[in-house]
Structures are given as structure tokens and as C-alpha cells.
Amino acid sequence: MTKQTEILSEREIIDEIELPFSLKFDRFFSKPVYRKSLDAITISFFILVVIGPIIFIFLTILLNISTIQKEVFNDKLLGDLKWQMMLESLIISFTIAAIAVAVDLVIAFPTAIILTRYKFRGKEIIDALVDLPMAVPTGALGFSILLFWGLFLIEPGFYLILLGHVVFTFPYIVRNMKIVLEKADVLYEDAARSLGAPGVTVFRTITLPMMKEGIIAGAILAFTRSLGETGATLILSGLVETSPILIVGFRRQLELPAASLLAGILIAISITLLFSVKFFTRKIGFPIKSVLPEFERRLSHRYLRYIRDGLVATIIIVMILVPSFYVISQVFDVTIIDEVFFGPDYKWAYLYVALMNSIQIAALAVIINLIFGIPFAFIIVKRNWGKAITFLDTILDIPIAIPSAALGFAVFMFWGPAGIGLFQPGFYMILFVHVTFTFPYMVRPIIGVLESTNVGVEEAARTLGASNMTVFRRITLPSIKQGIIAGCIMVFTRSLGETGATIVVMGGIRTVPVLIVDWVEANAFPSAIFASTIVIIFSAFLIFALRTVRKKGGE
Amino acid sequence: MVEIKLKNVSKSFKDLKALDNVSLTIKDKEYFIILGPTGAGKTTLLKIIGGLIKPDSGEVLFNNKNVTKLSPGERNLGFMFENYALFPHMTIYDNIAYSSRVHARDPKQTQKIVEQVLMMTLLTGRNEALPEEMSGGMKQRVALCRALMNLEQTKLLILDEPLKALDAGLRMSLRRELLLMAKSQLLELTVIHVTNEEEEAMMLADRIAVMNEGKVVQVGTPYEIYYQPKNLFVANFMSEINYFNGKCVKNGEVLNHNNLNSEKLDDIFLQIKKSSIPMQIDIGMNNFLTAFIERKTYNEMKNGDRVLLVVRANHIKIRLGHRKKDKHNAILGRISRRKFMGVFYRFEVLVKINGSEKIIIVTNPATSEIHNSILEDSEVTIYFPEELGIIFKHPGKDVVNKVLKLE
Chain B
11 MTKQTEILSE REIIDEIELP FSLKFDRFFS KPVYRKSLDA ITISFFILVV
61 IGPIIFIFLT ILLNISTIQK EVFNDKLLGD LKWQMMLESL IISFTIAAIA
111 VAVDLVIAFP TAIILTRYKF RGKEIIDALV DLPMAVPTGA LGFSILLFWG
161 LFLIEPGFYL ILLGHVVFTF PYIVRNMKIV LEKADVLYED AARSLGAPGV
211 TVFRTITLPM MKEGIIAGAI LAFTRSLGET GATLILSGLV ETSPILIVGF
261 RRQLELPAAS LLAGILIAIS ITLLFSVKFF TRKIGFPIKS VLPEFERRLS
311 HRYLRYIRDG LVATIIIVMI LVPSFYVISQ VFDVTIIDEV FFGPDYKWAY
361 LYVALMNSIQ IAALAVIINL IFGIPFAFII VKRNWGKAIT FLDTILDIPI
411 AIPSAALGFA VFMFWGPAGI GLFQPGFYMI LFVHVTFTFP YMVRPIIGVL
461 ESTNVGVEEA ARTLGASNMT VFRRITLPSI KQGIIAGCIM VFTRSLGETG
511 ATIVVMGGIR TVPVLIVDWV EANAFPSAIF ASTIVIIFSA FLIFALRTVR
561 KKGGE
Chain D
223 MVEIKLKNVS KSFKDLKALD NVSLTIKDKE YFIILGPTGA GKTTLLKIIG
273 GLIKPDSGEV LFNNKNVTKL SPGERNLGFM FENYALFPHM TIYDNIAYSS
323 RVHARDPKQT QKIVEQVLMM TLLTGRNEAL PEEMSGGMKQ RVALCRALMN
373 LEQTKLLILD EPLKALDAGL RMSLRRELLL MAKSQLLELT VIHVTNEEEE
423 AMMLADRIAV MNEGKVVQVG TPYEIYYQPK NLFVANFMSE INYFNGKCVK
473 NGEVLNHNNL NSEKLDDIFL QIKKSSIPMQ IDIGMNNFLT AFIERKTYNE
523 MKNGDRVLLV VRANHIKIRL GHRKKDKHNA ILGRISRRKF MGVFYRFEVL
573 VKINGSEKII IVTNPATSEI HNSILEDSEV TIYFPEELGI IFKHPGKDVV
623 NKVLKLE
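Quick mapping for you: the protein sequence lines, in order, are chains B and D.
Just so it is clear: in the first sequence, position 49 is 59 by the numbering used here, and no numbers are missing.
Just so it is clear: in the second sequence, position 258 is 480 by the numbering used here, and no numbers are missing.
Derived by calculation from the structure, the hints in this document are not laboratory data.
We put the beta carbon where it would ideally sit given N, CA and C, even for glycine.
No more than 27 Å apart at the CA atoms, straight line, and that leaves these computed lysine-lysine pairs for BS3-like:
hint	chain 1	residue 1	chain 2	residue 2
1	D	Lys377	D	Lys227
2	B	Lys133	D	Lys276
3	D	Lys386	B	Lys193
4	B	Lys193	D	Lys239
5	D	Lys276	B	Lys129
6	D	Lys524	D	Lys452
7	D	Lys405	D	Lys334
8	B	Lys129	D	Lys291
9	D	Lys236	B	Lys133
10	B	Lys561	D	Lys236
11	D	Lys236	B	Lys129
12	D	Lys239	B	Lys561
13	D	Lys239	B	Lys129
14	D	Lys276	B	Lys193
15	B	Lys193	D	Lys236
16	B	Lys133	D	Lys239
Which chain D residues stay away from chain B? Per the calculated CB distances, all over 10 Å, these:
hint	residue
17	Lys227
18	Arg348
19	Ala351
20	Met360
21	Ser558
22	Gly577
23	Thr589
Okay, chain B solo, but in the shape it has when bound:
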């Protein structure tokens, strides 16, 4: 036997070794064909489910321009009354969003600094409490705020909406500021201090410019959330109509052309805002050259800082934390048990069904987004498609930026009887809407961890003979686990709390936030208190879970 044949036979032996099923599976699916088809499916899903409805709403407006003209601008009875209503609602929505964001910014600066730069006992708890309103369904939050400010005889209307919006947009701003503050090295602040700059100057010339992107991102997110908020606003608005409420109203009265137009306007504005932020953030500058040494030195005085910290702490407690959770203190009322469990209309049964609906929809949304979110994150991070990736990356955020009621309406038009006609309003359409607007919440955290994972490890596995699929399953997946879990919890909480879009597409189905709004509107306060408390406690658990995951990821 020659030497060559010996070697060959050895190779055959290696090939003949029975591979375990999992490795065979990996080898089979490592073929480029499967990767390419998965990419194609993912992109199609993204376009169809996430982007499709948005494009379709603009198409609807263009195609039905004459109907819109007739119904909105030149109605035989009402003239252009509907248009006037829209304009007024837009002005109200924008005013509220602008004021809420401005107020939030003022409180959020010191809050973010205290929560990142100071060390004190109980910081973790305060931090979690500030985050919590983000996870609680705004319906429950709005109801709590209604009850709390009701104590001070503030009636539903413009100012109560404003108070509500300040509360639930606050965490978005603080959160974004905190992220950039934690990233901004204390070293730069130390350097400025060693060069003789007093506290206020350091903040203005060093910290603030480095926080820029976080501030703007947070402000825009808060602005768009305020613009699109429905659940709490329905409870707090009284006779005032913001744009999302008007959409809900049009939808209830089946005035689809008017609803389309308003939804289209809101979506267009939100997208413009989003893009201009992505575009102009870099160009905005802060005056760093001029310094007013004496003035700023005096402003930096210790006592002024104490006063500021005390003031901010008071405002946060009185204006944000206490109103948010005031409802829990009402849960011990005896009438609650009477009404919920022994009332004539089986409220507990409704609540149970709604809760099951909410959980099922949230869980299914998580699963669907998981299936398409992971490949999508991979496409964004790993594929070299040049400009196409930048484009996908930018439009990924659209569902977060646009008002959910408008998005819900767009989905209703696209998939419902007026469009493709695949679904009637109901469970599956709610699910579709939830999948659409939670998609970015799943993808973003995964992109985050994927970008920070060590490529070297994957390459090492590949040199050791692992197929692409094995590398993914055994190396990449475990290392992005934290991001995936964070994404799942985010999707779950957002889906659980969503109101605006759900109302538009729900048909006869109720989720918990909608049920709370229904009950408040029907003056069934004890039942609403009971439902709100359950939802808030549930959300608190989720937030706690999310923070634990984040912390583990950070270590």
C-alpha cells in the first residue's frame, strides 16, 4: 500500500464517523443558500409587516384624494369643520408635547446626573422607580394621575393631559441622558476641573456637549411618544381632543378618509422629525468658547447645588412618582371586592379574559419578533450591503417614532377590509399591530450586543472547524443572550401596555389597558383601580427582570 492511499483511507474514516444530529443539522444549514433565503424572508417580513402599512396609508391618501377633498374639506353639511378639528388637535398635541418635553428636560438633567454621578443609598430603587412609568400601561398611569390630581380638584382637560404627559415621557429622557452620561468618561470632567473650571462651567462646556446625542434622542422620543399617546390621554382629556384621540374618534365613526388623512399627517411629521434628528444631531453645537468665570463660579456654589438637588427630588416625588402610583393606595377600598367579584356584570371575568388576551398577544408578539428580529439584527450588523444597511438601520426606528394610533390605523387599512383584506379587526389584527410597533424594541438591543461582541471568538471557532451554523448556535447565540432577553422583555412590556393602536384595531376583543380606559369612561372606578394595580405590579416585576438582565450583561 502506498503512502497516499493510506492517507486517503484515514480521511474516509473521519468522514465515516457518525456526527451527532445537531452537527449534521448545522452543516446542512450552513450552506449559503439557506443564509440568503433567510435574509430574503427577513427583509420581506420587515417590508411587509413593518413598512408596508406606512407606505400604504400614503397610497390610500393619494388614491382617495377626491373623497378626502369631499368629506374633509367640502362636506355638504359641515364644510371644512373636520379639517378645522384636525388642525386644532394638531396644535393641541404639539403644544402639549413641546411643553411636556421642555419641563422634562429641565427636571431630567439634574436627575440623570444624580443617578449616574452621585453615590447614595437606595439609588437602585429610585432608578427603578424612575424607569417604571415606561413599562406601566399608560391607561393605568393616566387613571392614577386622574385620581391623584382629582384630590387637588384639577379637572380633566388640557392641564391634566399635560401633567400626564410630563410623567410618562420623563423616563425616556432620563434614560437616554443616563446612557450617554455613563458612556461619557468622568476623566474629561476631571481634566476640566484640574484646569480650573468650576462645576457649572464643566457641565456646560464638557458634559453637555458630550451628552448632546442622548439629549436630542431622548427629547425626540419623548416628543413623539407624547404626540402619539392615546391610553392615558383618553382618560385625562375631558373634552379636549388631541390628534390620536381624534383618529380613534374618526375610526369609531367609520370616517375612514378623515382618519387616513390625519394618520398620514402624523406619520409624515414623526418621520420627518426622526430623519432630521439623525441628520442634524452632529451639526448642532454648544457655545464652548465664551466663559463667564465669576458668574459661573458663583453658580457652582455648594449651597446652590444642594438647593437644586433638593428641589429636583421634591419635584420628582410630587409630580412624577406619587401621581404614578397613587392608585395603588386606593386598592384597599372595600367596594372594590364588591364591584369586581360580586357585581352583577362579572367584572372579574372580563378582567380575566382581557388579561389572558394581553398576555397571549404579548407572548406571540415576542415569539414572532424573535424569529425575525434576530436575523434582522444580523443583517444590520454583519452584512456588507453599504448604503442599504444605513437605510434599513434608519427606517427600523420608524415604528417607534410614529404615534401608535396612527400606526394602528395604517395596519387596519393595510391588512383589513379596505386593503389586503386578510384580517378583520380582532385578535389577529391586534397581534399584527403589536408585532409591527414592537419590532424595533426587539432588534435594537440585539444590535447593541452584537456590535459589542468579540468577533475574534467566532473566528477562533471557525478555525477550529465549526460550520457557520454551529458557530452561530454555540458561540454567537450564547454571547448575545442578554440582548435577546432584554429585547423580549421590552417587547412584552410595550405590547402589554399599548392602548392607542389596539383601540383602533380591536373589534370586539379587549386587552387590559383598553379595559381600564373603558371602565374609567364608564365610571367603574373601583374595578379600574383593581385592574390598574394588578397591571402596575405586573409591570414592576417585568422592569425588575429587565434590570437584572441588563446588570448581568454589564458585568
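Place chain D on chain B using the hints.
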């Protein structure tokens, strides 16, 4: 004119004791190096001097004036940070001019000075560049200029690992620049410089403070630190060493070799002659090693005390073959590994002392003689001058293993 004193400074971060009762005096116009491994508390010490961190206890004095409670801005010293901490959103010009602007100095004057500084540092024309566009060496110069711009009466410059991020060639030339600047008559600087490289410390320092685990272990000139290290840690930090466990034998008494073997404690005996400071070390088979010892330590030692003899690898000489007359500080061995390192050869020599084998590291300048004659498996004699052996009280096996990272 500035003299810095630290009195019993301590600082803890949660459970970690970063500084443990540190006292130091840094003289005026001195180039003072703080040398130690990562995590020794060096940067914490600098930040306390700079006022960026308040100590838990203890005092910081500038010219005998207590500045412990002063903010960094009120201390007016130049602080250059690790990785430079150039403000990423400001141009080079704005970075350098920052201190002047914060102090509201005359803008025209500032502009003049900054432009001069840029010219001196060969950065003219780059004033509108952002830090991210600069090379490592340029960033280092900008950071230095920015720090210097903050000096007023207190001419103190603090450098936190200023050459860490640079490649070897650039580091050499910048060391020379640093030294030139620090010693220039014009600036009259006092410099505190932190590093973990002994070579850098040796080249720049007037005096060195060696730190470990939050404590200052030894302060002295480079010569003192190198030839009279206070303990095993300092000795080992400066260059590669060999060590022998031993027992102190005073008054010419020689312990019984068999006795020693049965204890399985030591490789060698130390024999200290009655009235002289050089100490003789008996390693059996009629071979003797001798080393010096301070009179004070000598007086403290009792007969039979455990001691540690340390010899630097580069202080041991190597010679081919065995010769009967090699008695003083000579051990027979066989080369088990030979490595050419460019400037020098590094040998691992297998020796037998009291029946057990031991590896001795020897580094010798690479000469053609060594190159041709001393090969692997050669039978050799290694020996060292008696004044170059260093004797410590034995700190215990655990400490030796920990310091030399044997486990």
C-alpha cells in the same frame, strides 16, 4: 517653588483599600517617579494630589500649607491624564486655551501664548484639528501643553502614565523631551510622574517611590532602589532575580549539612563572619557564597534565622567548565536552555544544591565568546561578586511565591 507633602493619606473604595497610610515628601524642582504594578494605588495618589479625589484621612500640603480641602481649580497645577483626556468635541486650539478661558485671562495674550506653544511643539497649522485626527505622539504633546497652560505659582506637573499608549521608538524620544522640559531653567518644574515601567523610572527620576497594594514600599534614588532594595518586591520589580532560601549562621559556626537536609528547608547556609559585614554562605561540598549585609540587619539577626539571598540575573557571570579553584560565590551547573535576546543572552542553568535541583537565570551581554562556546548542555560555572548579593530576612514561602508570581 513648591514642595509637596502627604501625611498619612488613606483612601478606600468600598472594600478596596486603594491607599493605606501613605506619607511622602516631594522636593522642589524634583522629578519624582511613582513606580508600581497596576492596581498599586498610583493613580489614586495622583488624583488626591490633584484634588480630584478627597482622601478619607490624612493631609496634603503644598509648601507646608494644607490644601486637602481645596478644589482642583484652586490648586493651579498641571495634570496630564492617562490616555490624555483631550476634550473630543474641541479643537486642539480650544483644548489648549481651555484653562486660560476658564480663568478669564486676556484673550489676545492667550492667543499669542497658544500660538507660541503650538509652534514650539511643531503643531502649527493644526490648531483647528480635532483630537481624533491626531497621532498618539501629537495627542501627548497637546495634552502636555494643555496641562502646562494651567500652571501659575504652583509649578507642579502631574503625569499619569504619559507614555503608555505610544510605541517603543516614540517613547524613547519623548522621554528625552520630557526630561529636557522638566529640567529647563525657564520652567522650573516639579514633576510627579506615574509609571509601571522600571526602565522609564530609571531614566527620568531624581527619586523613585515604589508602590504596592496601596503602600509606599521604598523611596530613594534609582541607584538605591536598584542596589539596596528594601524587600523582595522592590528587588524583583526592577529586574529578573534569583533567590536562595538560607539560614543565618553567625560567629563562624557552620551547621551540619545532614541536619539541614533532614529539615528539607533550605538550599544553602548563610554564614556570617563574626566581625565583618560580608556574610558567607555555605552551599555544601566546600563551596562558599558570600554576600554583604547591613550592620543593623546583621545585629538584628540571630543564629539560625531564616534568610533569603537575592541575586539579579544580570549580576551572575557565566564561565565554561568546572574548575576546582572556583570556591567563592561559584556554583556548578549545566545549561538547560539558552535564548538569544539581541543585546544579551538569557540562560537557564540547572544547578544541584544540597541534592535538589534548581534553575538559576543568568543574563549576560551577547559576546562572540558566549555565542560560540556556551551552548545548551554545556557544563558551566556561574558566579557573582559578593557585593551584589542582597540578603533579606525570609518573608515566608507564601510571600515569596506571591511576589514572584510562582503560583
